[in-house]
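Chemist: Read off the chains here:
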Amino acid sequence: MELYKQQARFLEFYRHIIDLASENYSSRLHITGKKDDEIETFGLLLNMLAQKLQSLYNLHAPSLRKKLPDLSFLINEDRKIIFTSPAALSSIKNSKEQLFGKDFTTVLTSSSQQFFLNEMMKVDNELFHEKYHEIYFKDKAGSKISSYAFWYTAYNKGGTRLISIHCNFKKTIKKIKESTGNNLLLKEDWNKIRAFHNYILNHLYENLPSMSELAKIAGLNEYKLKIGFKKLYKISIFRFQTMERMKHAELLVNNTLMPIKQIAQHLGYSDSSHFSTVFKKHFGISPGKFRKQHEKDSP
Amino acid sequence: MYNHYENDFAKFWIDNGILYYVYKPYPIINLDLAKQIVADRLKLQGGIIYPMFCDTRGIINSEQEARDYLATRGSILCTAIAFLVESVYNLEMVNFYIKTSKPCIPAHIFTKRQEALDYLKDFK
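Just so you know, the sequences run in chain order P and U. Reminder that position 53 of the first sequence reads as 306 in my numbering, one-by-one numbering, no gaps. Reminder that position 117 of the second sequence reads as 189 in my numbering, one-by-one numbering, no gaps.
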């Protein structure tokens with residue numbers, strides 16, 4: 254009976270992991286809160302991971318949609334195409350039979366074939382290879398399709414290696430570059446921006462230095478930092494700091510008897526009248542009146 | 073001004089320059105509860121900054137929004153936080169919180185109360 258329960262639990266965990274991998278971040282395991290149970294602890298961590306993924310997806314979903322690849326292929330260890338996106342199929346060949354089971358390099362131009370083979374040898378020990386490479390496909394009419402590609406390695410249930418190749422047409426990349434000013438943000442850049450976001454929260458009460466200094470702190474150029482932060486968090490860096498300070502201000506004004514001047518100093522404002530101006534601009538009312546209003550409204 | 077407070081999910085008090093916060097067994101900490109936690113704590117502190125001893129042994133579960141709220145707003149008028157844990161379940165929950173929600177103040181986990189209090193002495 255115990256074994257049956259364990260197997261059922263294992264299957265539940267397996268389903269949950271597959272759900273997460275399928276971007277179903279609302280999936281949850283049932284947790285009883287049994288504290289001396291290691292499996293329960295693992296289940297709790299999986300739920301917390303799902304919550305985190307869900308919140309990240311909700312934050313970045315619009316950007317993710319914009320970055321969907323134009324063409325996608327799945328190839329096996331022998332470079333045979335086993336799956337393509339509908340767009341890839343319609344661009345390259347007339348039917349599945351003409352594409353599936355064929356060597357991936359046959360859909361590339363001769364110059365790109367050799368390049369791809371050389372790069373694949375380097376990928377052998379990598380799971381994830383995100384670096385855009387310019388490669389050329391041959392379309393149905395024999396013309397060249399120019400694109401940028403990156404690829405991932407994955408393993409199926411039987412332990413066989415599969416390679417997932419994703420490509421964006423050069424014109425798609427050109428559009429993204431135009432909107433970001435020739436500063437295409439890569440995965441490591443987004444990670445730096447997230448780390449910089451934490452830096453702001455950890456230095457909330459300090460006045461921010463100049464953009465050039467902030468860029469050095471973030472490890473990015475000014476343009477990437479400014480545009481990337483705005484894209485990710487939908488707000489500029491300086492406004493973000495002000496907004497977060499005001500959230501703290503609201504809590505201190507409503508829940509303490511600290512004089513407004515002391516609150517201003519605590520939050521990093523050297524001038525309390527400047528703090529009051531910013532507060533009023535944010536909440537539509539001065540901090541003193543805000544506090545009186547809250548006292549009146551409280552039970 | 074009171075120096076201790078209790079509600080349905082926690083009790084907290086100030087003693088010898090340290091704010092003690094003890095969670096009672098409660099099914100789940102959601103965003104509304106997290107907001108109440110911070111508001112009640114600030115009322116008790118009366119504008120004075122303290123290091124915090126947080127006994128998490130009563131926490132069963134929490135929501136992401138609550139954790140994110142506590143990681144930022146939970147650090148107001150607080151210099152550092154020492155979490156007391158007991159079981160592996162408890163430990164991994166708090167560990168996940170520190171590593172992913174990244175509280176804005178120094179935060180450490182302890183299994184022994186006295187070690188936690190010793191850690192907080194430097195932040196008084």
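Worth flagging that the hints you see were computed from the coordinates, not collected in a lab. Just so it is clear, CB atoms sit at the ideal spot from N, CA and C, and this is done for glycine as well. Accuracy of the hints is not assured; some may be wrong.
[Unchecked claim] Straight-line distance between alpha carbons at most 27 Å, and here's what the computed DSS-like set of lysine-lysine pairs gives:
1. K479(P) x K534(P)
2. K83(U) x K542(P)
3. K184(U) x K96(U)
4. K500(P) x K184(U)
5. K445(P) x K115(U)
6. K305(P) x K534(P)
7. K484(P) x K174(U)
8. K514(P) x K83(U)
9. K171(U) x K514(P)
10. K484(P) x K534(P)
11. K196(U) x K287(P)
12. K171(U) x K484(P)
13. K549(P) x K174(U)
14. K288(P) x K171(U)
15. K534(P) x K549(P)
16. K500(P) x K83(U)
17. K83(U) x K445(P)
18. K445(P) x K397(P)
19. K305(P) x K333(P)
20. K500(P) x K479(P)
[Said to hold, decoys possible] Computed, partial: chain U to chain P, Cβ under 8 Å:
21. N88
22. I90
23. L103
24. G118
25. Q136
26. N162
27. V166
28. K171
Chemist: Hinted pair, alpha-carbon criterion (27 Å max): K171(U), K514(P). Please report holds or violated.
Modeler: Roughly 35 Å between the alpha carbons, so the hint for K171(U) and K514(P) is violated.
Chemist: Quick one, is the N88(U) hint okay against chain P at 8 Å, beta carbons?
Modeler: Violated - the Cβ of N88(U) stays beyond 8 Å from chain P, reaching only about 21 Å at its closest.
Chemist: Taken at face value, is the distance from the CA of K115(U) to the CA of K445(P) at most 27 Å?
Modeler: violated (37 Å)
Chemist: Against the 27 Å threshold, does the CA-CA distance of K171(U) and K484(P) hold or violate the hint?
Modeler: holds (24 Å)
Chemist: Are the Cα atoms of K83(U) and K542(P) separated by 27 Å or less?
Modeler: With a Cα-Cα distance of about 31 Å, the restraint between K83(U) and K542(P) is violated, given a limit of 27 Å.
Chemist: Check whether the Cα positions of K534(P) and K549(P) lie no farther apart than 27 Å.
Modeler: Judged against 27 Å, a Cα distance of about 22 Å means the pair holds.
Chemist: Regarding the hint that N162(U) lies at the interface with chain P, is the smallest CB-CB distance below 8 Å?
Modeler: holds (6 Å)
Chemist: Check whether the Cα positions of K288(P) and K171(U) lie no farther apart than 27 Å.
Modeler: holds (20 Å)
Chemist: With a cut-off of 27 Å on the C-alpha distance, tell me whether K83(U) and K445(P) pass.
Modeler: violated (39 Å)
Chemist: Tell me if the interface restraint on L103(U) is satisfied: Cβ within less than 8 Å of some Cβ in chain P.
Modeler: violated (12 Å)
Chemist: Return the status of the interface hint for V166(U): holds when the least beta-carbon distance to chain P is below 8 Å, violated otherwise.
Modeler: violated (11 Å)
Chemist: Check the hint pairing K305(P) with K534(P) against an upper bound of 27 Å on the C-alpha distance.
Modeler: Violated, at about 33 Å.
Violated hints for the displayed structure, listed by number in ascending order: 2, 4, 5, 6, 8, 9, 11, 13, 17, 18, 19, 21, 22, 23, 27, 28.
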